[in-house]
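Chain by chain, the residues:
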Amino acid sequence: MTEVAALPLVARRRALTRALRRNPLLLSGALIAFLLVVVAVFAPLIAPHPADAGTATNPIESLLPPSWHHLFGTDAVGRDLLSRVVFGARISLRIAGLVLASSILIGVPLGLAAGYFGGWIDSVIMRVTDVFLAFPALLLSLALAAVLTPSVGNATIAIAVTWWPWYARLARGQAASVAGRPFIEGARALGVPPVRTLLRHVLPNSITPVIVQASLDVGGIILTAAALSFLGLGAQDPTPEWGLMVSQGQSYFTTQWWLVTFPGAAILVAALAFNLLGDGLREVLDPRRIERR
Amino acid sequence: MTLYVAKRLALGLLVVVGVLILTFVIARVVPGDPAASWVGPHATPQELAKAHHDLGLDKSVPRQVVDYLHGIVVGDWGVSIHTKHSVLSDLASRAPASVELVVAALLIALALGIPLGLASARWRGRAPDLLVRFAAVAGVSMPVFWLALILQLIFFQKLGILPVAGQYDPNLDYTSPLAAHTHMAVVDALVEGNWPVLWSALQHLVLPAVVVAAYPLGVIARMVRASVLETLGEEHVRMVRALGFPERAVFWRFGLKPALNPIVAITALVFAYSLANTFLVEAIFDWPGLGSYVAASTQSLDTPAIIGVTLLIAIVYVVSNLIVDIVQAFLDPRIRLS
Amino acid sequence: MKLAIRDLEIGFGDRRVVELAELDVAAGEIVGLVGESGSGKSITALAVLGLAEAAGARVTGSIELDGRELIGAPPSQLREIRGSRIAMIFQHPVSAFNPVFRVGEIFLRALRLHGASRAKAVERARSALAEVLLPYELLNRYPHQLSGGQAQRVAVALAVALRAEVLIADEATSALDVTVQAEIVELLARLRELEGIAILFISHDLAVVGQLCDRVAVMREGRIVETGRTERVLHAPQDPYTRELIAAVPRITAGRTA
Amino acid sequence: MTALLSLRDVEVTFGPVRAVAGVSLDVPEGPYGVGVVGESGSGKTTLGRAVLRLVRPAAGVVAFAGRDVARLRGRELKSFRGDAQIVFQDPGGTLDPRMRVGAALGEALRVHDVVPRAQVGARIDALLEEVGLEPAHTSRFPHQLSGGQRQRVAIARGLAVEPRLLVLDEPTSALDVTVQARILALFERLRDERRLAYLLISHNLAVVERLCDETVVLYLGRIVEQGRTEEVLARPAHPYTHALRSAVPELDLASRRQRVVVSGPPPDPADPPPGCVFHPRCPLAADVCRTDVPPLREVAPGRLAACHFAEEVLAEDFVALSH
Amino acid sequence: MHRLVLVAAAAAVVLTPFALGATSAATTGTFTYGTYTDVMVGWDPSTSYSNEILAMQNMYETLTRYDSRAKKIKPLLATSVAKSKDGKTWTFTLRKGVTFHTGRPMTAQAAKAAIARTMKLHQGAAYIWDAVKSIATPNPSTLVFHLKYPAPLDLISSADYAAYIYDTKAAPAKQLPKWFSAAHDAGTGPYTIDKYAKGQEVEVRLKSYPKYWGGWNGGHYTRVVYRVIPQATTSAQLLRAGEISFAERLTPQLRDSFKSDKNVTVTSQTSFQNLLAMMNTASGPLADKTVRRAIAYGLDYQGIVASLHGGGTLSHGVIPPGLLGHSDSITGYPHDPKKATALLKSKGFGPGGKKLNLTLTYTQGDTDQQLVATLIKSNLAGLNINVDARPLAWPTQWDKAKSADKSKRQDILVFYWWPDYADPYSWFINLYHTEKTPYFNLSYFSNPRIDKMIDKAPSLTATNRAKADALYQTLQKQLLQDAPSVPLYDQAYQRTMLKSVGGFVENPAYPNVVFAYDLHPAA
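Residue numbers (the numbering used here), protein chains in the order written: chain A, 1 to 293; chain E, 1 to 338; chain P, 1 to 258; chain V, 1 to 323; chain W, 1 to 523.
Here chain A stands alone, though its shape is the one from the complex (with noise of 0.2 Å):
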């Protein structure tokens, strides 16, 4: 099993089949990402009143529980909040897939450099990432929202600042592991340049452990992102955004229990549904490494 991590891609989805069957756990979360996905991207066509994702507003229809014209009831300004909840599913996967890709793209390149290369390259880089690392990531985010002005755009960048450094860390780490091993002291060798072995080797043998980490960081980032939104510092009005939401009914709470619950609900199944997937995943894939965060 701790080999599976270098076989191929054949052998692994074989593996990965097989694990999905198994693994009750990485099934229900691969099943509700996938959904998760689907809702998000035909938003349009799934919520009955798309209008109200955006800046629409029906202040006689405010505060409505529950029913089968809106099944999510409304919010305070008479918002179908189904349609506010399906549309949210785009901003956090957006979001998610904004910061998942620069992080990787800033990340996985220096942490590979570091690793592979060592001595002071190393030293400097993983030096940067400690300083990083040593805000929760949700701090800096916070430090950083605060002092821009808020918006989807800024947190997504404010998240992504903070996260990097952890795909530096799990590059590094990996390449470091990897460079040690014959074969790419036989590319040395055998005269390959370095920019080659680093992307011809090092890369497709250090790259399972970071997709694996990137699934499980979709969750950690849609909370992150809720959670900055929650304080007010991610999404405005009207965006459909889960924290902000739940941030706009928490003064509805106690009497008017819909407001709160369903956009939360969401946030949790999200999170939920990426963490059981990646969770599952590493299982499966990279047994070995364990929790850092």
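Hints were generated in silico from the structure; no laboratory data involved.
Just so you know, not all the hints are guaranteed correct.
With a straight-line Cα cutoff of 27 Å, these simulated DSSO-like cross-link-like pairs (lysine-lysine) come out [unchecked claim]:
#1 W:K178 - E:K84
#2 W:K354 - E:K84
#3 E:K84 - W:K207
#4 E:K50 - W:K174
#5 E:K50 - W:K178
#6 E:K158 - W:K499
#7 E:K50 - W:K408
#8 E:K158 - W:K259
#9 E:K84 - W:K402
#10 W:K436 - W:K477
#11 E:K50 - W:K402
#12 E:K50 - W:K436
#13 W:K174 - E:K59
#14 E:K158 - W:K402
In silico negatives: residues of chain E with every beta carbon more than 10 Å from chain P [what the hints assert, rightly or not]:
#15 L3
#16 S89
#17 F134
#18 L153
#19 L162
#20 D173
#21 H183
#22 E230
#23 H236
#24 M239
#25 A242
#26 N261
Label pairs and their calculated CB-CB ranges [as the list claims (entries may be wrong)]:
#27 P:E137 - E:L9: 27 to 35 Å
#28 V:R290 - P:R163: 37 to 45 Å
#29 E:K7 - A:I121: 14 to 22 Å
#30 A:L35 - E:G75: 49 to 57 Å
#31 E:G193 - W:S268: 44 to 52 Å
#32 V:R194 - E:L9: 50 to 58 Å
#33 E:V264 - A:I60: 56 to 64 Å
#34 E:K7 - V:A103: 48 to 56 Å
Predicted model, so just to flag it, every value in this text is computed and none were measured.
Using N, Cα and C, we set each Cβ at its ideal position, and we do this for glycine too.
Following the hints, complete the assembly by docking chains E, P, V and W onto the known chain A.
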């Protein structure tokens, strides 16, 4: 070992310096003029220029960095725009409540997380394992601010059994005044033997602590499980089995101790991260800690206060990391004796 | 017969990895079990200790210790036997000791587990260590402070102190340097002389087996293809696989009857 | 004439550890083999890596075909990379697990433009055939091959660039004995067919004897003995060589020798003992050994040894001497 | 007697630790006022002009107090008021035996000094004294005001801001502001400052002033606590738990949830307070009157009121009902997106035109304002106007609005206004009169003609109320034309408090103030 500790200390110091520089960048490279927000809107150009000078903004940037670092070291962390107090004194009065909350949460998380993780590892692949793993993942997937609201709804609104705001009932200040030694209500009440406040403080502590505990609980349970399972696969475990030790001893004595190490590490890390999570929870429970402070600060665009808290937490994080490394070294003879 | 194995079958899922018809080890005898990687040697060793099931294997057949059947014996009995009557030493002696315990702690705990009083345990540890030519103080060390050879000697001493009647050595010298390997081989030989212990020596190295063992069983893909006195097997192999194996062992020719 | 590979006082350090502590040796043009033997921790692997500039020597010169390897740049370096290749011990780790056999060989061919692009496929087939594999193996991943097959691929990859020197780092010790025999045969054949020079690093004296004309015995990063292989093995001039030789288990009962006992593990390389580094384990150790470092000197024609009593060891029956 | 209460309270607390019911606040003789934003913005009784009124009105007293219910002036520090025929001379007879919390007696000289200082500093609401020419003190208990022009001085002396009588000798004159801002008070009121903790949840604690002239016989709260609870739900929960006695404002939904709670009383009353959207007439796109008018047409006032669920009523002009100059016939802007579009189109904006980006600030923690901001944003989005709405703590919101740097100011500022005394003049002089540096004229509006009309109002009010009424109506119509601001709705005060709080009477002339001394706690 001494060398190891010295090296760790040096590295920790380096990181702290980096942290300071980063916070400087955030605080100063912010759009806007710190001097303008300092003097307020009624200022004349002369006052503004004076503020520029007083705040050292007319100096070169490296010079400013040096002054900033010097200020941090000698305890000048700036003045909060919101409270008009020195940030450091604000932090000193706010931090204990947060620490109280996080420590309570961690105690809950450890008390539940370790047994759950062990149960999960012990019955790997069976129902308890599945259940614990799901609960653990749910814990780390929980939006704490939402959990806080839901618990308030249940325990206060529906059941009416737990209070929802503050550290203890402030009305007790008149009937059972509490001397503030540590600013941690529970500790102070214990020290003073002030039972009414202690009772009230404990009641007030339960909900926020449980909420903050959700995340570390999940992390710790997962960690314990992974760590124990990894240890159980090692050759030395096969050795004690081959020596005829009963499964109980194999698991509890020989499997657990080597697995403890990463648990210590993660607990300290989780401490720092929980401190960050309290930022979401404190505002909801009106808990008078750093979190409410930051929440109020963000609303008043109080950059010095936000940076102060950020810096404090980062330093706490670095220090706790340092402590972890050293404790781990003590736990692991392979490091201790080299 | 000290240890008698009959019709031992070990399988993982629907895959059968061992089909061992017959293998005996008498008291005071060293039997070599030789085979290449994947031949099923190590799982056989675990099966003798009743630990193969813990590794997920299914075991049928018969393993008798002094005529008492081990397969299907209640776990408490097996635990009794493990360590006290059948001991085992491993390929990587350093990592076979728990890294956070002093070696002596494992040592004394094991002795006390099998009924020795504290004083008795210390005394037996002392004499056992003397027997493997190690100072008693070594027990105060952590595993990582021992060299491979020292750790393996401690493991052997543990078997001695436990008064084990059967010792299973699973590739016990393969990870060691030749000079250290020679020491351990010598130690095992002496142990047999002094204690009359029965040793099942599992190795891929025919030369070491040839040097140490009284009898050899050659294993291939889970089956024993040839068994007999060491000299006979090495000099007049019957089975073609044995022949190939022997031929393949690199030999030093220089200085031979120069 | 200059040797193909020439090491002069090479030293490699890792922190406080002198892994290689001043080694000089020559490897002439092939077909020829030089064996480096020693226990784990003797620095033999590091030495091999230093030869290929995979680690930088702290001192001394590694020269290949008369040129200082450390100073090679650009095209010269590339040509050196083509001239000297290495085969590692671990057949699992020698090949990139994410690369098919064909791609691995193709990379070697392309990096050095060994053949025109169009002929790469044909050359890969030829190489595979040369090492006893089939063209069908081109599309396999390493994990789909057996250990022996993997090592053959690794050898083919080394050969692809048509080197003159192959460093063999324990090339067979992870293989089953039957496979080992076949791989050794392959090395023999290749040495003669391709006129290769080998620097063979091994703890296995028998393997060294089979492939090498000359043997160097390394102890704690230092050469303690050096000479023609059959002479070194038949009549060691250093007590350590003697111990090593006698510790090798012999299959033939007739040739079993009485063992020369060395006691204890090798010393900590970070803190080597004074005088002769072998003295704490040496059965012959005298006072002079504890204080004076024995120089590596010619003790017989073509034989170098670093022992104060080398002549005695050579001349007398060592076993008698040590008892 | 205090001792006894303490002992009883302690016993109650110790004996009933399991009960979280509504007990603790009432039994300890403490009145806890739950508010949603910081109380003490300023400490100087002459210049304070904000939320601190909640506590100040309990620490300080004015000469007279206006009873909104009876629409009458009632005596306080002055026992009687007499005015001359021409309305230019006002004589106040002062109560005897009143002392300041500093211990000094409250005399005519002292009262004069306080008002003189307020007038001299001329900050905050000090403008209310603008009519005063001189003050005479013929004897220690008589205060005579000579006015430049007739003015309703009895109303002015009852003002909620800038009318406090306090001891100006509490500290040397120069150090007085500093002394105040170190959390001191120098009033005559029933309560004095006990503890103050800026930024803490329990921000202000007041204790009874033992020598209060009204005496402490009969049931009075002996302590008043102001607790800042940003979230309305938390307020409701604390009220339910009895940790606070009075919730300044809850959401209508929360208030409704108490209707069946037998421990809690709910009150509702129209107020003198309204919510205004101040548009930046000085810089940015809204400097253009046409655009401002378009926005006024673009807002759905009915929708805003509907979403408040009873928390507010439709505004008829700037002046809320119950005050001079209010008229239901003033209708303001209707919600007319077509007209708005047409107006915008004439300036190149609106649907199909350039996108208009506006910034809007509102007060953090105010659910109603949050709603309004959302609705404004939604309404204007349909007109191709993007509104960046930011919730800010009030001091921050105000600082930003007052920025010397015009580019830092908002385009639209949403905030409440209430009169300084029961008269509409407050809106006009503060919000629409030209200001050199902006203070509360956060539209930065300047119209000399309107200034002139505003200046005429006070004397007219004192002499001819009918004419004053007409003037105010004209003013409102004129302001509708210029559209420096739009009133969004008139606020209804909806209080939620423990049943044990007895004697609460809403007095909108002192917005949100609870005169704690007038309450009588249930035993």
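Status of each hint after checking the structure:
| no. | hint | in the structure |
| --- | --- | --- |
| 1 | W:K178 - E:K84 | 14 Å, holds |
| 2 | W:K354 - E:K84 | 43 Å, violated |
| 3 | E:K84 - W:K207 | 25 Å, holds |
| 4 | E:K50 - W:K174 | 23 Å, holds |
| 5 | E:K50 - W:K178 | 21 Å, holds |
| 6 | E:K158 - W:K499 | 21 Å, holds |
| 7 | E:K50 - W:K408 | 21 Å, holds |
| 8 | E:K158 - W:K259 | 16 Å, holds |
| 9 | E:K84 - W:K402 | 19 Å, holds |
| 10 | W:K436 - W:K477 | 24 Å, holds |
| 11 | E:K50 - W:K402 | 20 Å, holds |
| 12 | E:K50 - W:K436 | 24 Å, holds |
| 13 | W:K174 - E:K59 | 34 Å, violated |
| 14 | E:K158 - W:K402 | 46 Å, violated |
| 15 | L3 | 17 Å, holds |
| 16 | S89 | 45 Å, holds |
| 17 | F134 | 25 Å, holds |
| 18 | L153 | 46 Å, holds |
| 19 | L162 | 42 Å, holds |
| 20 | D173 | 50 Å, holds |
| 21 | H183 | 39 Å, holds |
| 22 | E230 | 13 Å, holds |
| 23 | H236 | 4 Å, violated |
| 24 | M239 | 4 Å, violated |
| 25 | A242 | 4 Å, violated |
| 26 | N261 | 8 Å, violated |
| 27 | P:E137 - E:L9: 27 to 35 Å | 33 Å, holds |
| 28 | V:R290 - P:R163: 37 to 45 Å | 42 Å, holds |
| 29 | E:K7 - A:I121: 14 to 22 Å | 20 Å, holds |
| 30 | A:L35 - E:G75: 49 to 57 Å | 54 Å, holds |
| 31 | E:G193 - W:S268: 44 to 52 Å | 47 Å, holds |
| 32 | V:R194 - E:L9: 50 to 58 Å | 57 Å, holds |
| 33 | E:V264 - A:I60: 56 to 64 Å | 59 Å, holds |
| 34 | E:K7 - V:A103: 48 to 56 Å | 43 Å, violated |
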